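*Asks:* Model the full assembly from the supplied sequences, consistent with the hints where possible.
If you want the building blocks of each chain, they are given just below.
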Amino acid sequence: MAAKIAYTDVEVGTELPARSFPVTRATLVRYAGASGDFNPIHWNERFAREVGLPDVIAHGMFTMAEAARAVTDWVGDPGALVEYGVRFTKPVVVPDDDAGAVIEVSGRVAAKLDDEARTVRVDLTATSAGQKVLGMSRAVVRLA
Amino acid sequence: MALDQSFVGRSYPPTEPYEVGREKIREFAEAIGDPHPAYTDSEAARELGHPDVIAPPTFVFAITFKAAGAVVEDPGLGLDYSRVVHGDQRFAYTRPVRAGDRLTVTSTIESIKSLAGNDVLDVRGEVHDENGEHVVTAWTKLVARGASAAGAGAGKQGE
Chain A
1 MAAKIAYTDV EVGTELPARS FPVTRATLVR YAGASGDFNP IHWNERFARE
51 VGLPDVIAHG MFTMAEAARA VTDWVGDPGA LVEYGVRFTK PVVVPDDDAG
101 AVIEVSGRVA AKLDDEARTV RVDLTATSAG QKVLGMSRAV VRLA
Chain B
1 MALDQSFVGR SYPPTEPYEV GREKIREFAE AIGDPHPAYT DSEAARELGH
51 PDVIAPPTFV FAITFKAAGA VVEDPGLGLD YSRVVHGDQR FAYTRPVRAG
101 DRLTVTSTIE SIKSLAGNDV LDVRGEVHDE NGEHVVTAWT KLVARGASAA
151 GAGAGKQGE
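Going down the list, the sequences are from chains A and B. The numbers in the first sequence follow the UniProt record's numbering, run straight up by one, and end at 144. The numbers in the second sequence follow the UniProt record's numbering, run straight up by one, and end at 159.
Don't take each hint at face value.
Partner residues are not named here, just some residues of chain A that face chain B (Cβ under 10 Å, in silico) [unchecked claim]: (1) T8; (2) G36; (3) H59; (4) L81; (5) G85; (6) M136.
Hint data in this document are derived by calculation from the structure and do not stem from the laboratory. Just so it is clear, the structure is predicted and the values come from calculations on it, not from any experiment. The beta-carbon is built from N, C-alpha and C at its ideal position, and this holds for glycine as well.
*Replies:* Put into structure tokens, the structure is as follows:
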């Protein structure tokens with residue numbers, strides 16, 4: 001593992017660079033194929049509405065993957081991730097237009113966990129259209 | 001109707017090995033729009049100390065979720081799979097998944113609860129490589145919406 005951020009350079013409260021990730025219907029079709037999750041709520045508006053959704057929604061695991069990027073891009077090595085968990089609180093609604101939706105991700109170092117293992121806990125916030133879409137979104141990463 | 005509590009603690013036999021392909025990793029990385037070279041360039045992965053290209057952290061879910069599917073579709077458990085949505089997801093990594101891994105998943109039902117008419121099932125998937133070494137543990141919380149809560153609960157993320 002080769003994290004590019006040094007444990008000694010980080011303090012509780014250190015902010016990670018904020019990120020924003022676009023998601024369109026095309027993104028969802030591609031993610032469905034790559035992940036094998038073909039639930040029609042992610043690509044069929046008629047079906048989504050029938051089950052009570054406002055429109056097609058992004059896969060929760062897609063949103064989780066994007067939120068992780070705030071951490072893995074910051075630390076430089078995706079293999080430095082030790083733990084990662086989220087709660088799916090609100091769906092990311094993806095309208096059928098060229099703009100789609102945007103997932104905004106920010107993060108801050110919430111705790112320095114272990115001086116020897118050089119691990120820190122990063123708390124992430126993910127929103128879309130002003131709504132918090134992930135809850136309890138936390139990652140533990142091993143720094144250099 | 002509440003699910004049978006005697007299923008708590010039940011483990012299911014390991015899945016058949018899933019062989020992680022480098023092109024599948026590339027496809028997944030492109031699908032999440034992540035250009036990190038460790039996913040596609042073995043030289044870049046080696047510079048970070050990995051023996052080969054690694055998969056994005058959430059890649060393994062496709063494998064563990066399929067394994068969990070075998071659990072929740074257990075006719076003895078009697079879960080209505082069409083009402084299942086994904087509540088929480090957590091991973092603990094010993095090392096990243098990498099190209100060439102042959103991964104098996106052993107799923108265990110950690111808890112069964114009934115909350116507001118919904119059945120809430122926690123499934124733990126232990127992922128090991130072909131040498132029997134631990135790679136990652138995935139905890140998946142599945143919420144089966146009660147018939148009366150259908151529609152209202154559909155606002156959650158589905159899988």
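*Asks:* Would you mind marking each hint as holding or not holding in the structure?
*Replies:* Verification of the hints:
1. Using the Cβ-Cβ criterion of 10 Å, the hint placing T8/A at the interface with chain B is not satisfied: the shortest such distance is roughly 20 Å.
2. Restraint check, G36/A versus chain B: the minimum CB separation of about 5 Å is within 10 Å; hint holds.
3. At a threshold of 10 Å, the smallest CB-CB gap from H59/A to chain B is about 7 Å, leaving the interface hint in force.
4. Because the beta carbon of L81/A sits about 5 Å from the nearest beta carbon in chain B, less than 10 Å, this interface hint is met.
5. Taking 10 Å as the C-beta contact cut-off toward chain B, the hint placing G85/A at the interface holds, the least distance being around 3 Å.
6. About 7 Å separates the beta-carbon of M136/A from the nearest beta-carbon of chain B, less than 10 Å, and the hint is met.
Against the hints set out earlier in the document, a violation occurs for number 1 only.
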